[in-house]
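A.B. asks: The listed protein sequences derive, respectively, from chains A and B. Using my numbering, the first residue of the first sequence is number 12, and each one after it goes up by one. Using my numbering, the first residue of the second sequence is number 13, and each one after it goes up by one.
Rather than coming from a laboratory, the hints here were simulated on the basis of the structure. Among these hints, one or two may not hold up.
As the list claims (entries may be wrong) - Covered by chain A, according to a simulated footprint, are these stretches of chain B (three or more residues, beta-carbon under 8 Å):
(1) 29–40
(2) 129–136
As the list claims (entries may be wrong) - According to the in silico footprint, chain A covers these stretches of chain B (three or more CB under 8 Å from chain A):
(3) 403–413
(4) 426–437
Model, not experiment: these values are computed from the prediction. Glycine included, C-beta positions come from ideal geometry on N, C-alpha and C.
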Amino acid sequence: MTSPTTGTVTGITANLVEIRPEGPVLQNEMCQVQAGDASLLGEVIKVTGDTAFVQVFDSTRGLTVGSPVIFSGQRLVVQLGPGILSKKYDGLQNDLDKFEGIFLQRGLRSEPLDPDHRWSFVPLATVGDPIRAGDWLGEVDEQGLPHRIMAPFTLQGTWTLDRLVPAGEYTIRQEIAVLRSDAGNTLPVTMVQNWAVKEPLTVYAGKMRPGKLLETGVRIVDTLHPMLEGGTGFIPGPFGSGKTVLQQALAKQADADVVIVAACGERANEVVEIFTEFPELEDPRTGRQLIDRTVIIANTSSMPVAAREASVYTAMTLAEYYRCMGLRVLLLADSTSRWAQALREMSNRLEDLPGPDAFPMDLSATIARFYSRAGMVTLSNGQTGSVTFIGTVSPAGGNFKEPVTEATRKAARCFYALNQRRADSKRYPAIEPLESYSKYLDYPEFQDYAAREVSPHWIENARTLSNLLLKGKEAGDQINILGDDGVSIENHLDFWRAELIDFVLLQQDAFDPVDQLCPLPRQDAMSTLVLEICHRPFRFDDFQQVRPYFKRLINAIRQMNYSAWESEDYQHHYQELEGILAEQATELAV
Amino acid sequence: MEIKAFAKRFTHLEDITRATCTLRASGVHNEELALVDGQLAQVVRIRKDVVTLQIFAGTEGLSNHAEVVFLGKYPNLKVGPHLMGRFLNAYGQPLDGAPLPEGDGTELGGPSANPVRRAQPSVPILTGLPGIDLNNTLVGGQKIPFFADPDQPYNEVMAMVALRAKADRIILGGMGLSYDDYVYFRQTFREAGVLDRIIAFINTTQDQPVERLLIPDMALTTAEHFAVEQGENVLVLLTDMTLYADALSIVANRMDQIPSKDSMPGSLYSDLARIYEKSLQLPDGGGSITILAVTTLNQGDITHAIPDNTGYITEGQLFLRKDSDTGKIIIDPFRSLSRLKQLVIGKQTRADHPQVMNTAIRLYADAQEARTKKENGFEITDYDQRTMAFAQAYTREILAIDVTMDMDAMLDTVWKLFAAHFSREEVAIKQEWMTQYWPG
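Isolated chain B (complex conformation) (with noise of 0.2 Å):
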């Protein structure tokens, strides 16, 4: 990074602890960026002339003596077409060898957008996956978590949507990626052929955890300047968003601050508000950011400090199960949730879209009480049997995330299904549509 030739330097440091450091200097900015020793720092409190600052690849080995210069500016990112096809680390440098264009650029963590320029979100995007598209429609401008355990395969799926979605712009902010994740991320996006629309700003856990607060930002200015002056139609990708907080929770500690819940920062709910609410729908046929995170659990436990604020800003969840039955890892229907697809099923996608969906999952739900009476020793009817049957296959031919279709196929099938195991009057859909699309 460049200094100027009127930086300040100082070289005493008063306190150093794992992740800050203390010093005295005077006509600091707030926010502003320092290097100590050649590191990246940020200043993050000043109280007269004490100024601390945190030090992203963490303080081992730092001297008491170290040089520190202000650099008189904030962390930003020269923003624009030279990134695409790019993978970048947490500081914007390039991963990938090939120079990048020096000097400064945007600002990171701009403000937030006014809400009353915001257009409501309409567009739907289409992944292919039935489990997705049928019963949790995205739509554009959406922020939506995927909620898994971390022995599931939340990465590839994420990979899979990103590539069907049709988004101008992929941008993957990875934050603790292991290094095989991260290199599978660019495998699967260079033989998709689809490396021209990917930017990638990734901190793998070989890097140090503070370096990932600085993630989200780098991949949402980038989003921002693609949808707000290009007018794209942009997909970010992060993941692991649980990573993210828990890097939150170190500097809050190396600050002193009182944990609240889980050990979590007191303003957790605000940090990844800041995040997830940079999805936009921007009006006029405008651009749009959707950002599709990952948010692993303990063992399914979504009453966890993470998942729970999480819950209460995303607009919705996705959440990936194995079923037992299929042995399939499958969309659970009755836990994921796509707040946002009310405002598209049945009038961006066929007006039997809504019906099928929620008549499908009803039987679904039959089938899991039906189950519950065979496993606890009941007698079962032969409807029990029937939507036992119907959700085998509703899993294996809709849920399962290796299947994909495009929209009318989705309600093709479920209509097939309905058929295959079920009368007229038990689906109870209708009629207008059971005369329309009822097989045979």
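Chain A with its partners taken away, still in its complex shape (with noise of 0.2 Å):
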């Protein structure tokens, strides 16, 4: 290897370091930057004649032109191995449980996966054996997760399994396996490998377009919006409108096998939360604790702004290399508005020309690269994996004609936007039913799969309910107009049956031990079960009446949420809301 270029430093404004190399820099290698005691890791963006332009992911305060930097060779690498579940990284995938003190000093460095943990390994492959990037050599228990150990990703060929160690206890850097090539080189192989965060990882066979059902319990996602295993969605909405309540639903409820969660230049206190809930959290489907699935990067706002950019990367490698396990990933970022003004301060330190609302001319492409990452894989040895990717989105005064919400739009298959008005009113989640959409509805795979594996008229039923939220709100924009006794009594139905449905099926309390995570059978049953009342009819000979009996209708049904899945309080309340619906069938047969 040949020895690092160095170089000094020329210029610096805030975080953006100009450097001058003595040699060959690679656009986005990372370098030590001597700032006094601290090494200050930074990474190159930008190299124009013989200057190259540093982002530090540190506070740069103290430094001097002329102070001595190292360049490592390499990009931003994050380091993949068993221990990684339940930790709680930073954006450079340091382990903040290992810092001492109460402050975040600068240049501090720590080891991300435990070197001494004894894993327990089980051999998966043959000596003998083909091996190719990414197949499975053997396997290691984490947390209750089968931890794949994989032939190194940056592997070039095929190569033979020469030598695999027995099923025994090994540390991360202990050699198990050698490889050999046609050529006869021989690669060590241990239990961890680096890989650039900025590169997707894709030692996949092949791609697929999404088409099972990801189940969030979240009634208005899964019944009316559904999200798929490797499907992409973002949440837009302004500041008190539930996203982060919201995202934390989908992290505690969905059916994945790992959740990351990417707390992105978000508030402390909330990934405080995260911290304190979760170890005391049940996973509902597993028995085990919530924070054993779970990964955290914490790069809360007050901490160095070029680390936040990091960290959306850093989680979507970790989020990918569970793929490659043949498991199914769920990628929450919290917030992508705070990654893009990362980009933008960057952007505006470097003199770049501006685009739209001084975001970065190449924002869009950048936020459409970052979501095609997502997505469903199939392995080399045929097995499935999935990175399903949901972003939240914090558009500037609430208004969704800005630049990074209009990008996403253009890159996410789903769109749950979240509204103040909704917010306000206290019908949470707050999603906007009638403008938010997924497009995998119209996806065949998925009908087939809905049909076949969740229920026959899944899809039929979403597209009712959306149509009869339509009518709905045109009913209550004619009464509005109108006036209550302007309209005929038909409006008034229309009217009442969408607000059946908005209170019974798309509002749920997320506070709720029962309502908070409706399984699949129980959203079929519910909606079958308010769409029969939508289309029963209904008489009534004064508009008055329909306000109250719906009231009534909403009460006895909510009640059922609220009630264990057929237990008898839940038989109680669907009894009371039977002997509702007999009062018309008599007022009907008169």
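Using the hints, put the two chains back together into the complex; each one sits in its own frame.
C.D. replies: Take a look at the structure:
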């Protein structure tokens, strides 16, 4: 290996440092800038003539012109190996628990993985097997999940497994296998490898269109705007509209093997909430602690801005890594707007010509490229794995006509628009049902899957519900313009059918132990029940009878929502509902 | 400020703008302080041997032959018990005559707290104002601004809250404070006999706007000292953050930065977050920093970049509004929000608190609807009449900023109002609490 390139600092503007390198540098190469006692990590983001522009991931206070710089020869990498789950990392994969003291002193680094932990390794491959990049050599048990130990992702062509250790306890640095190439070169393999975060990890056989529902237990998502395994979606919303509560509900409930939460430029107390609550909460599906399947990348808003940009890539790379093991990964990033703002701050210091709202011109392309890393893949052994990505967007002034929302809308397939008016009237989750969409409803793959695996009328129900909601909105507008007595009773019925759907299907109490998670069969039963009511003929002599009648229906079904599925309470409220419905049957018979 | 014997001196400025100057110098450290003809300045950019300095007091009357001395140190403040009861300017120099100990202290703008070393906020801060304690309970370690129009008495409300909150220490950061308000704060604190608990850093409208940029760091570095070293519960008051942001945009403009929304610098979110995120609760019964700020609005417009970015950073906001019905200034129950209240209400306060709070706001919302109906000439029902009567009483006895009482009295007052205007069925609170608290 050649000795690393060195250089000296020639200019400083906030965290943008100009460096004259004494040799070759790579775009996005990492370097260490010496500022007094502290060694600051930086990344080359532009090279012009003999100047390399480096964004430094820390405060540059005290840095002087002439300070020495050492380039690393590699881009920003993360360490991939067993021991990532339940870790709390910063944007550069430092293990936050390993730092002493209350404050994050600059220039500190910590090991992302535990080098001394002994993992119980079980071989999956056999000596003599042909091996390609990403092939499973063995596995260890990581918090109840099979963590596959894979052939190096950088491997070129097909090699042969020359040696593989027997089942036993090994640390991540111990050699567990040796590979041999046709040319006779040998390559020792350990349980840990590095990968550059900005490079998509694509050691899979193929990428498929998503087709399987990702169950979240949130009715408005699953029933109306379904998210699929390997799908993409985004949640824009003004502050106070419940973005974080919704994301945390997804993190807690989604039917995924691994959940990665990237807290990107958001409030520290929100991360503290996850730290405090997740170890106490049970995974509703496996009964283990929620924290066991969760990785948190915490780059909160007061942590260095450049590391905020890195944090989403770090999170995505970890997600792709677990996907290579054939696992279903859910990646949540809160908020991608803060990431875009980090890009804007840097672009500004580079004096790039600005695009809309001073964001960089290539913002849209950067966002699209990032979303494209999600997806459902087939591995070389025929297994599948997925990365589902849902990002939040914090639109300036709550106005969706701004660059980040617009760019993300082009990239993501599902749109969950949080609405201030719904939030103000406490209709949570405040997802606007008509403005939001899931393009997956049109995927034939998903239509087949839903009919086969979930319910024969799942898609049809979603469409009918949407239509009824639209009708209800139109009726509501009519009532507002013409007054209660200026429209027909049928208009009032349309309006109240939509309110019924809203109150008992769309709204859901994220803090109620029963209502917070609604499994698919229950969702199916509830939407079928509600649709059945919506299709009933009703007879009222006066519009004033409609509201109280529907209020009673809503109350009875809401009580069902709060009761355990098919419990005594549930049956009790169901009978109450039948009683209310029977009143109308007599009414009609008269 | 003392000058070291070996400090580097220069006497030729190449460029002077209204807030910055540029000169050729070597061996200069980024963010280092300097004196330019005796005026405090800070290094903001270095390109080879060309150094740009931001001069806090502005450059008016500055000669291009001014003497520049680099001080080899960073903005800092000597923090300790000697600050108690003192009023200082943005540089940490006394405004009240008496001298302060000389010497270097703690560097301002220290690093961010490690999220894993924070504790979840869990101690309610009671202020006696029902509009806050009942509907928007504050929690130690929280950061929350008042969103208020300039004509509203936000500084008075803030002073009142500060005095009632049982904080060990109150640190006031005044930015672009009117001289009258500065005197008001001083008198109010003196009359309340709490001067020994107060430390104030004041920049008034008479001072240079760029100097304001030092105020939050001064206040928060002091707060960190008392919270971390002494384990105290510190309340930091920052007024007015809108004027702070204005100063940021002035500097960004002088540095030729491309403005983003509303002429604000692209880094506004990070700049504000750096300040507000200093609020924290330390673990194991340690100290806390709670930030109460003021963000003035232009005619209630919260979509402007300053309140908008603030809303995304802070844990809620308190909205002041004049109620046209009663003529009282109230804490708006709809637009105000304390995101952390869930952590304490019904747990550290009486168990009926969450339901009583929500029900009262629901009935108040019904009253709003009834009023709209009435205004539009529709017929109103008996229920509408009663909700409107309830809303008036609720506004006077709970929402108005001129009422104070303790927590249990607030809850009892609301129960009394429920009973006076509604039937039990209309209130529909959990039976257990109905039985226990329904008056009569």
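A.B. asks: Verify the coverage statement for the segment 426–437 of chain B against chain A, using a C-beta to C-beta distance below 8 Å and requiring 3 or more qualifying residues.
C.D. replies: Coverage by chain A is violated for the segment 426–437 of chain B (0 residues, Cβ < 8 Å).
A.B. asks: Examine the segment 129–136 of chain B: at least three residues should have C-beta closer than 8 Å to a C-beta of chain A.
C.D. replies: holds (count 5)
A.B. asks: Taking 8 Å as the Cβ threshold, is the statement that the segment 29–40 of chain B is covered by chain A upheld or broken by the three-residue rule?
C.D. replies: holds (count 3)
A.B. asks: Check, residue by residue, whether the segment 403–413 of chain B contains three or more positions whose beta-carbon lies closer than 8 Å to a beta-carbon of chain A, and give the verdict.
C.D. replies: violated (count 0)
Against the hints set out earlier in the document, violations occur for numbers 3 and 4.
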